[in-house]
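Novice: 40 is the number that our numbering gives to position 31 of the sequence shown; each next residue is one higher, with no gaps.
These aren't lab readings, by the way, just hints derived from the structure by calculation.
Predicted, not measured: the structure shown is a model, and the values here were computed from it.
One or more of the hints may lead you astray.
[Unchecked claim] Pairs of lysine to any residue, SDA-like flavour, derived with a Cα cap of 20 Å:
#: 1; residue 1: K77; residue 2: A26
#: 2; residue 1: K44; residue 2: D19
#: 3; residue 1: K44; residue 2: G65
#: 4; residue 1: K44; residue 2: Q67
#: 5; residue 1: K50; residue 2: Q35
#: 6; residue 1: K44; residue 2: P66
#: 7; residue 1: K77; residue 2: E37
#: 8; residue 1: K44; residue 2: N58
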Amino acid sequence: MRAAALHADDPQMEFAAALITLSGPQDEHRQHAQKAIGGAKTDSLLAQNLSARFIGPQTETMSQLLAKN
Numbered sequence: 010m011r012a013a014a015l016h017a018d019d020p021q022m023e024f025a026a027a028l029i030t031l032s033g034p035q036d037e038h039r040q041h042a043q044k045a046i047g048g049a050k051t052d053s054l055l056a057q058n059l060s061a062r063f064i065g066p067q068t069e070t071m072s073q074l075l076a077k078n
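All chains, full assembly: derive it from the sequences and hints.
Specialist: Set out below in structure tokens:
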């Protein structure tokens, strides 16, 4: 709804949608993940969240998790 109100894609909301659709429809997940990862170029907080480890230091980063699905 926030993206619709702003008449633009919101990379932070795309990140949330990508997390929500991890086990959902692959095409939707892929679209959300690509938009989130692309939006990290201009959003430092999103970039930081995408570079964070999923569970701990031995696990993949959030962007790796999103990209592999």
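Novice: Each hint needs a verdict: does it hold in this structure or not?
Specialist: Each hint, compared with the structure:
1. Of the supplied pair hints, the one linking K77 and A26 holds, its CA atoms being roughly 15 Å apart against a limit of 20 Å.
2. A distance of roughly 8 Å separates the Cα atoms of K44 and D19; the hinted pair therefore holds under the 20 Å criterion.
3. With a C-alpha separation of about 25 Å, the suggested pairing of K44 with G65 is violated against the 20 Å cut-off.
4. For the hint linking K44 to Q67, the alpha-carbon distance of about 26 Å lies beyond 20 Å, and the restraint is violated.
5. Straight-line distance between C-alpha atoms of K50 and Q35 comes to about 24 Å, which puts the hinted pair past the 20 Å bound.
6. The straight-line distance between the Cα atoms of K44 and P66 is roughly 25 Å, outside the 20 Å bound, and the hint therefore fails.
7. Note on K77 and E37: the hinted pairing holds, with a Cα-Cα distance of about 14 Å set against a maximum of 20 Å.
8. The straight-line distance between the Cα atoms of K44 and N58 is roughly 14 Å, inside the 20 Å bound, and the hint therefore holds.
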